[in-house]
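Asker: Chain residues, written in single-letter form:
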Amino acid sequence: MLWEVFVRSRRGLSHVHAGSLHASDAAMALRNARDVYTRRNEGVSIWVVPAAEITASSPDEKEQFFDPAGDKVYRHPTFYELPAEVRHL
Amino acid sequence: MDFDALLAADARIEPRDRMPDGYRRTLIRQIAQHAHSEIIGMQPEGDWITRAPSLRRKAILLAKVQDEAGHGLYLYSAAETLGVDRADLLDLLHSGRQRYSSIFNYPALGWADVGTIGWLVDGAAIVNQVPICRCSYGPYARAMVRICKEESFHQRQGFELLLTLAHGTAGQRAMAQDAVDRWWWPSLMMFGPPDEESPNTAQSMAWGIKRHSNDELRQRFVDMTVPQAEVLGLTLPDRDLSFDGEHWRYGEIDWAEFRAVLRGDGPCNAERIARRRAAHDDGAWVREAADAYAAKGVA
Amino acid sequence: MSLAGYVLGLADDALVLAQRTSEWTARAPTLEEDVALANIALDLLGQARYLLTYAGAEEGAGRDEDALAYRRPSSEFRNVHLVELPNGDFGRTIARLLVFSAYRYELLTRLADSADPTLAAVAAKGVKEVAYHRDHAAQWTVRLGAGTTESRRRMGAGLADVWPYTPELFTEESAALVAAGVAVDPVSLSEPWLAFVSGVLTSAGLVVPDVAAAPGGGRRGVHTDAMGPLLDELQSLHRAHPGAVW
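Protein chains in written order, with the working numbering: chain A, 464 to 552; chain B, 502 to 800; chain C, -7 to 238.
Since the hints were made in silico from the structure, they are not lab data.
Mixed in with the good hints, there may be bad ones.
Stated by the list, open to error - So these bits of chain B aren't anywhere near chain A, every CB distance computed over 12 Å:
id	residue
1	Q567
2	R600
3	I627
4	E651
5	G693
6	P700
7	T702
8	T726
9	A757
Claimed, not checked - Within a straight-line C-alpha distance of at most 25 Å, the following computed SDA-like cross-link-like pairs (lysine to any residue) qualify:
id	chain 1	residue 1	chain 2	residue 2
10	B	K650	A	E526
11	B	K797	A	V479
12	B	K797	C	A138
Said to hold, decoys possible - Here are some chain A residues pointing at chain B (derived, C-beta under 7 Å):
id	residue
13	L476
14	H478
15	G482
16	S487
17	D488
18	P522
Backbone N, C-alpha and C define an ideal beta-carbon position, used for all residues, glycine too.
Here chain A stands alone, though its shape is the one from the complex (with noise of 0.2 Å):
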């Protein structure tokens, strides 16, 4: 069974996906990754989800998901002029 391992690398950082291995247990499968993916004290804390329990968007949808958000500038602080001796805003 593949699962997907997370790896938060010192706390403060979120988990970032490291990569994937096999295992028949959930168990193992954290000891499995602790082994693989930490061996150069690259983690504190691990998660690991079977690969097939992950909902992933389609990239057929790419498009009705991701391009309307490309348009809303006024989204960003960067939108908006000031006056130049306007400090703290």
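Given chain A, put chains B and C in place with the hints provided.
Answerer: Below, chains B and C alone, put in the same frame as chain A:
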């Protein structure tokens, strides 16, 4: 964006993107062959772990060969994103239907071979692999970034080992020269046949799987390695080696030998596969037990 | 027994089991397990190196870790017989790892409070490693014991193979070092060790084997037939080049 537009923009292709069948097949074959090479490559050096002549070297070698198992695992995982299963790929390896790098069909006859494999074989592998970090297929490129990062110590430990032998007793020095004599030409062959005999190169380049031609990478390796051999004080077994002001020119490669080893007539082909199959077959009951235990749902 | 002698026993157990465990390289049932076993071997090798270096310093005869690992005859190795036994199949390997790491866990936990600061420091570091080895072995013991009929048979057989060598772990060594608070009394480890191991065996649906104890003698330099070939493989290259630096 469709496949061609992504390639044209030098963007990465990801697992769920539409891709031509040929691209998928080529990648599966190349990544699997790369993964097989990592795990078969554990054998020649692995046999020296129990015989390493100092505890420091034993720890280094064990960690290095362990990395190769990890690298095989990363690469099988990358191949699995293309819709194949590791178990099926291993079957293809065990039944001889997929290849691994023919360099691992040469024997590691002495301790100096461990250093020479690190210096020359891993050195050549790194020259081959660094451009794959920019390969068009995302999972393969990411696996390769991790591998290249971890491998940076592999070549160094080999060089250091050889340097120690080259400055050691007469026996150690002879051991080092003998190993370099045996591994030099096979390591040049690792870059594959000359460009004019490499029919798939153009397509792989167009797909962004390959970034440089075989001869280009081979020349890069020779140019890097010749000055290192001088530092070691060891001779490379090629009388035609000469510097033309820009590059180190090397002599004729024995491609008949390359093809024979590739065909399965190398010194260790049968032994490597037999050992790999034995490990797989001996472990079958363990894998079955783990699956049966998981199926009971108590874990 | 001298302090150096006691430390050598601790070192040799780790060195010899590291050597055995590293024999699994490129032979494990899965790639993941190959990586896991190499981690265990590297931990044990690390413990051995610290302890050999310390034993050499205590002895005061100028022997470093390599002099002790590579240039002692079998009769000067002080490891227990359990660690020198051939690996056998994966079931026996896991059975040995379970009983050994459960023993070493109890030992290092107590040794972390040793009156000898060097030993205490090495033990405090090692106990974290051995806790993981013990867990790894326990997990597999349960999986194999409760997996298939075949795995249950093999796990039981592996356990029966190694069990006769466990009484040697709890044989009294040096009353003087124990009294001084430097060494741990092995006899005191037997009870917590058995509690842990039998708990794992119960979870695995296995029972403590009813087998006679093997004679022992490893701490006195008396070894089984397996030790000679193991040392040949470990030492022959090093010995073939006297005075060489590697």
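Asker: If a hint holds in the structure, say so; if it does not, say that too.
Answerer: Okay, the hints, checked on the actual structure:
The claim that Q567 (chain B) is not at the interface with chain A is violated, since a C-beta of that chain comes within 12 Å of its own (minimum 8 Å). Every C-beta of chain A lies more than 12 Å from that of R600 (chain B), the closest at about 23 Å, which supports listing it as non-interface. In this structure I627 (chain B) is separated from chain A by more than 12 Å, as the shortest Cβ-Cβ distance comes to about 18 Å. Separation of E651 (chain B) from chain A is inadequate, the least Cβ-Cβ distance of about 7 Å not exceeding the 12 Å criterion.
Once the 12 Å rule is applied to beta carbons, G693 (chain B) is consistent with being away from chain A; the minimum gap is 27 Å. Chain A leaves P700 (chain B) outside its interface by the beta-carbon criterion, the shortest separation being 31 Å against a cut-off of 12 Å. Its beta-carbon lying about 29 Å from the closest one in chain A, T702 (chain B) satisfies the requirement of being farther than 12 Å from that chain. Every beta carbon of chain A lies more than 12 Å from that of T726 (chain B), the smallest distance being close to 27 Å; the non-interface claim holds.
Residue-level check passed: A757 (chain B) sits 40 Å from the nearest beta carbon of chain A, beyond 12 Å. For the suggested pair K650 (chain B) and E526 (chain A), the alpha carbons sit about 35 Å apart, so the restraint of at most 25 Å is broken. Proposed proximity of K797 (chain B) and V479 (chain A) is contradicted: the alpha carbons are some 31 Å apart, above 25 Å. The straight-line distance between the Cα atoms of K797 (chain B) and A138 (chain C) is roughly 9 Å, inside the 25 Å bound, and the hint therefore holds.
The interface hint given for L476 (chain A) is broken, as the beta carbon of that residue sits about 18 Å from the closest beta carbon of chain B, more than 7 Å. At about 16 Å, the closest approach between the beta carbon of H478 (chain A) and any beta carbon in chain B exceeds 7 Å, and the interface hint on this residue is violated. A least Cβ separation of about 6 Å between G482 (chain A) and chain B falls short of the 7 Å threshold, and the interface hint therefore holds. The restraint placing S487 (chain A) at the interface with chain B holds, with a minimum CB-CB distance near 4 Å, inside the 7 Å limit.
Satisfaction of the interface hint for D488 (chain A) is found here, the shortest Cβ-Cβ separation to chain B being roughly 4 Å, below the 7 Å cut-off. Hint status for P522 (chain A): holds, given a least beta-carbon distance of 5 Å to chain B, under 7 Å.
Consistency note: the structure conflicts with the earlier hints numbered 1, 4, 10, 11, 13 and 14.
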